[in-house]
Each structure stands twice: as structure tokens, then as C-alpha cells.
Amino acid sequence: MSWFRRKKKEVVTPDEKANQESSLQAKLEDKVEKPPEDKKQGVFARLKSGLKRTRSNLVGGLEAVFKGKKVIDDDLLEEIETRLLTADVGVEVTQQIIDDLTQQLQRKELASPEALLAALKDKLYKTLEPLESKLNYEDNKPYVLLVVGVNGSGKTTTIGKLAYQLKNSGKKVMLAAGDTFRAAAIDQLQRWGERNDIPVVAQKPGSDSAAVIYDAIQSAKSKGFDVLLADTAGRLHTQSHLMAELEKVVKVIKKVDPSAPHEVMLVLDSGIGQNALTQATQFQESVNVTGFTLTKLDGTAKGGIVFALANKLKLPIRFIGLGEKPDDLREFDAKAFVEALFSE
Amino acid sequence: MFDNLKSRLNKTIRNLRGQGRLSEENIKATLKEVRVALLDADVALPVVTKFLGQVKDKALGTEVLESLKPGDMMIKIVKDELTKLLGHKHSELNLKARPPVVILVAGLQGAGKTTSVGKLARWLKESKKKSVLVTSTDIYRPAAIDQLETLAEQIGVSFYPSRTDQDPKLIADNAIDQARKSLTDVVIIDTAGRLHVDDDMMKEIKDLHKATNPVETLFVIDSMLGQDAANSAAAFAEALPLTGTILTKVDGDARGGAALSAVHMTEKPIKFMGTGEKTEALESFHPERIASRILGMGDLESLFEKAEKQIDKDKAKKLTSKLKSGQGFNYEDFRDQMAQMRKMGGMKDILGKLPNMPNLPSAATNQFGDNMLKQTDAIIGSMTPVERRNPQLLQNSTSRLKRIAGGAGVTPKDVKNLIRQFSQMQKMMKKFKGGKMKNMMGMLGSKLGGGMTKLPGMPSMAGGMPSQKNKKKKKKKRK
Chain A
42 MSWFRRKKKE VVTPDEKANQ ESSLQAKLED KVEKPPEDKK QGVFARLKSG
92 LKRTRSNLVG GLEAVFKGKK VIDDDLLEEI ETRLLTADVG VEVTQQIIDD
142 LTQQLQRKEL ASPEALLAAL KDKLYKTLEP LESKLNYEDN KPYVLLVVGV
192 NGSGKTTTIG KLAYQLKNSG KKVMLAAGDT FRAAAIDQLQ RWGERNDIPV
242 VAQKPGSDSA AVIYDAIQSA KSKGFDVLLA DTAGRLHTQS HLMAELEKVV
292 KVIKKVDPSA PHEVMLVLDS GIGQNALTQA TQFQESVNVT GFTLTKLDGT
342 AKGGIVFALA NKLKLPIRFI GLGEKPDDLR EFDAKAFVEA LFSE
Chain B
-11 MFDNLKSRLN KTIRNLRGQG RLSEENIKAT LKEVRVALLD ADVALPVVTK
39 FLGQVKDKAL GTEVLESLKP GDMMIKIVKD ELTKLLGHKH SELNLKARPP
89 VVILVAGLQG AGKTTSVGKL ARWLKESKKK SVLVTSTDIY RPAAIDQLET
139 LAEQIGVSFY PSRTDQDPKL IADNAIDQAR KSLTDVVIID TAGRLHVDDD
189 MMKEIKDLHK ATNPVETLFV IDSMLGQDAA NSAAAFAEAL PLTGTILTKV
239 DGDARGGAAL SAVHMTEKPI KFMGTGEKTE ALESFHPERI ASRILGMGDL
289 ESLFEKAEKQ IDKDKAKKLT SKLKSGQGFN YEDFRDQMAQ MRKMGGMKDI
339 LGKLPNMPNL PSAATNQFGD NMLKQTDAII GSMTPVERRN PQLLQNSTSR
389 LKRIAGGAGV TPKDVKNLIR QFSQMQKMMK KFKGGKMKNM MGMLGSKLGG
439 GMTKLPGMPS MAGGMPSQKN KKKKKKKRK
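Listed in order, the protein sequences are those of chains A and B. Heads up, the first sequence is in this note's numbering, so the first residue is 42 and it goes up one at a time. Heads up, the second sequence is in this note's numbering, so the first residue is -11 and it goes up one at a time.
I should point out that these hints are in silico values taken from the structure, not numbers from a laboratory. None of these values were measured; they are calculated from a predicted model. Cβ atoms here follow ideal geometry from the backbone N, Cα and C, with glycine treated the same way. Just so you know, not all the hints are guaranteed correct.
[As the list claims (entries may be wrong)] Here are the simulated distance ranges between beta carbons:
1) B:Thr152 / A:Asp249: 28 to 38 Å
2) B:Asp45 / A:Lys164: 55 to 65 Å
3) A:Pro246 / B:Glu268: 12 to 22 Å
4) B:Glu268 / A:Glu155: 38 to 48 Å
5) B:Lys266 / A:Gln259: 29 to 39 Å
6) B:Asn201 / A:Glu155: 54 to 64 Å
[As the list claims (entries may be wrong)] Here are the simulated lysine to any residue pairs, SDA-like style, with alpha carbons at most 20 Å apart:
7) A:Lys212 / A:Lys245
8) A:Lys245 / B:Lys362
9) B:Lys362 / A:Lys264
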């Protein structure tokens, strides 16, 4: 179907440019929308409300694009492309999705805009569905969960929230203040511990992170704790000495329990761009990441990078962070995630 | 940071170089490549669109079509536009106000505000000789206040203590008051991270801004952010009269499109970049340099600056005269060279700033990172002084090899590799004695100018390479 390809090759015309700009203007004006009042809602509702603001910023949701369309034209595909790109899905994956859809169109499999939307949703859902996989804390005791990630991705906050939830579900939880580098990171974890009456194993700032976690596992073991959540300092994957330090942490953990860590969770800020792929790959190579958590999804960032991550690393997404409150950490639900991206 | 974007643009532009003249058709193809590269680099789509429009307008002008070297012309246009987009020139912090000068720092959660406040305080104290007071109005995140207090203590600047039950405005007011009384030059106010869609929090920071009337209102943004960088930057710029941006985590390898998005949306310059874990890792932002880097022209300027500062000229001169006199190049010279390189920030840093290098995969550059230098250093350190001065002793001695490997904590194979690389270098040195290489070495001692051949430390590069495999990779890429 050459019309589409041709269209894609074309550089943006001044008109389109103007459109882009005016939509940005609209975005600026739209921004002052009231955040939806959320009490205790379901994951879907919460996600939806979080993502609602996103969509209004981007001139309505994807569904709005399809609304009122009688036929599938190149504008529609172009619009899908734009949506995917601005959601950080990335050029490669976006291109792949568009190519797939184009092929389906060529084979006349998609007769209406509705069918196209359904095909798109299905494609996105099928990509994410295999990533739904819950942690099984029963497998080991103590279940050692090591949290890693770059600076500022939300590791300590995620641990705080998760600790609160695990404790509420009746588990005996312990925390290990493995971020001995950042100023007051230990205090930050200790506050979470105090707040929820959860013991925190910590040493002085600047002490050996591996040693802190080693002590914590031994303590958790002897005192019969169910879960140990171990924090680590934020580190950029390009800092080879810091990555080596992390490798050492894992090595030391294995000395206490060869099966541990039972989960190495990489925490990613949902606002992150394409660098997430490099990051994830490097952390994976160093410490064998076994799952992701996607934080800060309550903003306008969409975390579209998960689609690329899904293709490349095929690792489960454990949780998503939807706000500042302890309840705002939810188990990842692919259906809800995709639905929320599309619904009004 | 911009490595990948650089390599993308380089590829495209190299394609252009092969052609005699630019046609409208190949500009289009180029722009399409540029679009992909920019999107891959996380530049926000609206910004990309605008940028491409500007480049296209320029490129289709007569100057390009009539120009004899269309490729060069095209590079110039893209670079100029990129530089223009990034901000015309590097913009200084405004400190010309009645003290205490107030600086307000704002941004999303996890952008690096508190760390940047610490770095900025240190920079003001050390580079500008200012007395600084910092305070935190982050009453939300656990231990945020403690974090700033610890940093202030480390850096040695005043800290105005606050509590989580206090009103941010009150904290700021009191801090400024105290600075006035103690005749402090600058007050930096740290704020809580906030989402730009959180109305209450955005109102809070607007009020805080009104109450403190800062001379500088700096937006802190993570260089790894994706498309959303444009949204948040636009929202913060709308809420606050920003005066500039601090780009953080630049020591990562994110392509850094967020920088372009932020500048475009805030219409304010990037004033600083955070380039490391330590409090001294704050650098001024130079749009020209970054634009050059994006286009693969390398960041030679800063490399030379660094070289000028770091190279031990006496040692370089000594080596030059030694080579001239016909004496052989030995492991001691080799080690000196390595030390020089390490001073300049290590192999990876140097490679990143060289032109025509951006195509190296990051895995490869990582490998000849500082670890490699360290390992080489350890191996040479485990040789006896006699061996270092007489490299031939190591040629056929398994026992020496074993001993050295044991001493350096590496395998004999690693030592063998090093010896092989060293011999190659030695041969090279001999071959070029009195020729090109001598000139090159001469440059080490003399004033450093522009141009790649004059690059200091180049002869030692071969030594830093970990294995033949990498070398091959590099050769192939550079063809």
C-alpha cells in the first residue's frame, strides 16, 4: 500500500507544523484540569484517572482519534504513529506496529476504523500480557527482593509502599538500608520503617552496602521473617565501578542463601525515554534482573517504553506506581494498562 | 550522552558526503533520518517537527545547492539549527542583585533537585567565592530535609533547618531572613518534587515563588527523560517564570533529547549539567559544544581544555626527546602515557569527545573504560623495574609471565595480550621515528591546537585496547 509509505517519507509540511504547535498550545491550556478525586479505587479506575490527564493533554485519547472516522485513511495511521511516538513507544516498535497494521489492511483484514482500533489494542495487549507475573513470596523464607535502578527512579519509595502492603497482608517484613551512599537515604528508609512499624537493618552512611544486606538476610533468617526488601543506591549503568559494586552485593547475598536474591527488581521512572533499554540491558547483564516496576505513572508520562522492553527483554512487570500514598503501588495488569490508554 | 544521536546523524551525513550535490530528494531522505535520530534520542515530537522545518527551509535555500560541498553545508545547517535550539550561548547565573540573592529550584520527583542544590552551593562557594545558605521546603518526602542538611555539612555551607510540620513559605521566608542577618550572599531554596499535573503542588510552588522573589528560578530535568520532558517543562514554564535549566545525570548514556525539549519549551538556557555522583560534578552548559557532539564533530574544545590542564608537559617532552634520540619505547613510558590518559578522564571520556568515533558501540567503549586502564596499570606494576625498562625480557619467558599475572591478579593470557599490544606500539613508534609520529609526540609538549592529528595521548591509545577483537571492531567501524 504505497500511499502510506509515501506519506511516511514526506517531511512535515508547514501546515502540520502549525497543527503541532497549536495542539501544544491547547495542551498548555488543558493542563489546569483538576486531578480526579481518588479515594480507594480499583487499579483500572486509578490508572484510568491517572492517564486521563495524559490524554486530555494530548488532544483526547486514542479513541477520540477513531471517533467519527468512517473509513481508514492515512491520517488515521499517521495519528496512531504520533500517539505511539509521543508515548515513548520508540521509533522501532512504533514502526513495527504500523507496518503490521498496514499489512493487515493490505490483506483487507480490517474493514473499519473500529476493526483497526481492536487490532491495535490486541497487538499492544498481546505484547504486554506475557509480562504479567506476580511475585511468589511463599517460595522462600526469607524471600529476598533486591531493588536496583538509576538515581531518582523511585526505589526507596517503592520499597516503602511495598513493605506497607506486605505487612498489611500479614507478612513479616524487614528492610535493609543498602543505599549507604546518598545523603539521608538511610533515614528515608527508616522513616518508612517507623511509620509502619517495620524493622530496618542499617549501618552508618558510607558503609559497605553488601555488608548491610548480608547482615539483614542473616537477621531475617534467624528471626523468621517472610520477606526482606533490600534497597540499593541509585546508580547510572554507565558507572562501571558502581555496577561492579552491585554485582558484589549479589555475590555476597548468595553466600547467605545461594537461591537469593529471589527477585532483582529494576525500578524505572515511567517518564524515561529510549535509554531505558540500555539501562535495563546493562542491569540485566550485571545482576540478572528478574522484573520491573514502573513508577510515577500518575503524571502525563505513559511509560510506552514497556512495549520496547517487552520485545527486547521479555521480563515481567511486577508493579506500577500511581501516586505518593502507600496504597498507590499496584500489581501490573496488562489489560488495565492497555484499556486505560484507550478508553475515554 | 549524545553518543547515539551522534552516530545516527553521522551515518546520514556520511551518506550525503558521497554525493556531489544536494538535491531536494536527498535532503528529504536526510531529514527523515534526522527525524528518526532525534526521536530515537528522545527529542519530543513537536520539537523534532519544528526543528526539521527549520533545517529544511535552510537546506533548500540556494546557498546549499550552489555550494561546492553540499555535505559540509548540510552539516553546518543542522549544527547551527541545533545550536540555536539549544540556546545561543552559554548563559551565566545571574548574581547581580542585592544580597541575599535567592535561587529557587523546581522539578519533578527524582530529577535530582537536592543533589543539584548541593552541587550549585559548592560551585558558588568555590568558583564564585560566595557565602551560601541552603534550605529545604520539601516537607513531604521522608528525610528530604536531612538529605540537604547532610549535603550542606559535606560542602561546608550554611543550612537553615526546617521541619515537616512547617509551611514551605514560612521556611523560605525565615531562611532568607537569616541570610540577610548573617550577610550571606546567596540563598538556595530546595523544593519538593512535584508532578506538573498536581494542581495543589503547582499552586504551592507558585506561592513560594511569589513570596521569595528569586533572581534565578531553575528547572531541574533528568537528561534521560523521554517525550514527557516537553510536557513537564512546558507546565513548569507556565507556572513559574523560569530563568534556566539544570540538566542532570548527564554522565549516563541517554541520548539527551530531553535537553532539546526542555530548552524549546521553557525558552530558557540550560545553565548547568550534573555530570557525576560527587558534589563537584557540575559543569556549565555549552550549546555549541553539545551541538558539535551531536553531529559527531567531537567535543574537541573541552578535550583540549582538559588536556592543557592535565598533561604533564615535562614528561611528554622527555618522552619526545627520548624517542628522537633513538632509544626504545618501554613499559615505563607506556605507563606514563596511561597515567596521562587517566588524568584526562579515561579512555571512554576521551573517545567520546573525539570526532569520527561515535560509531563505537557503547559496549566496546565501556570495555576500554577505566577498568582496562587499571588492569594495564596493574600488570605493568607487577613487572620488575628491569623488565619495564627491557621489554624484550618478557618475550619468551613463561615464568615471568606467570609471576606478573599472579601479581596483577589477572590471567597469563591478559598479560600476553598486553605484551602483544605493547610490541605493536613499539613497532609503530620505530616506524614513525622521525616521521609523523614524532611530530605527534612533539605536540604533547607544545601548545595544543585544534585538529585530530594533534591530539595528545593518541600514541597510547593502542595500548588501552583490551583485545584484538575490539580492535577489529573499531577498524571496521571507522572505514
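Status of each hint after checking the structure:
no.: 1; hint: B:Thr152 / A:Asp249: 28 to 38 Å; verdict: 30 Å, holds
no.: 2; hint: B:Asp45 / A:Lys164: 55 to 65 Å; verdict: 37 Å, violated
no.: 3; hint: A:Pro246 / B:Glu268: 12 to 22 Å; verdict: 19 Å, holds
no.: 4; hint: B:Glu268 / A:Glu155: 38 to 48 Å; verdict: 59 Å, violated
no.: 5; hint: B:Lys266 / A:Gln259: 29 to 39 Å; verdict: 32 Å, holds
no.: 6; hint: B:Asn201 / A:Glu155: 54 to 64 Å; verdict: 55 Å, holds
no.: 7; hint: A:Lys212 / A:Lys245; verdict: 27 Å, violated
no.: 8; hint: A:Lys245 / B:Lys362; verdict: 29 Å, violated
no.: 9; hint: B:Lys362 / A:Lys264; verdict: 43 Å, violated
Hint check: violations occur at hints 2, 4, 7, 8 and 9; the rest are consistent with the structure.
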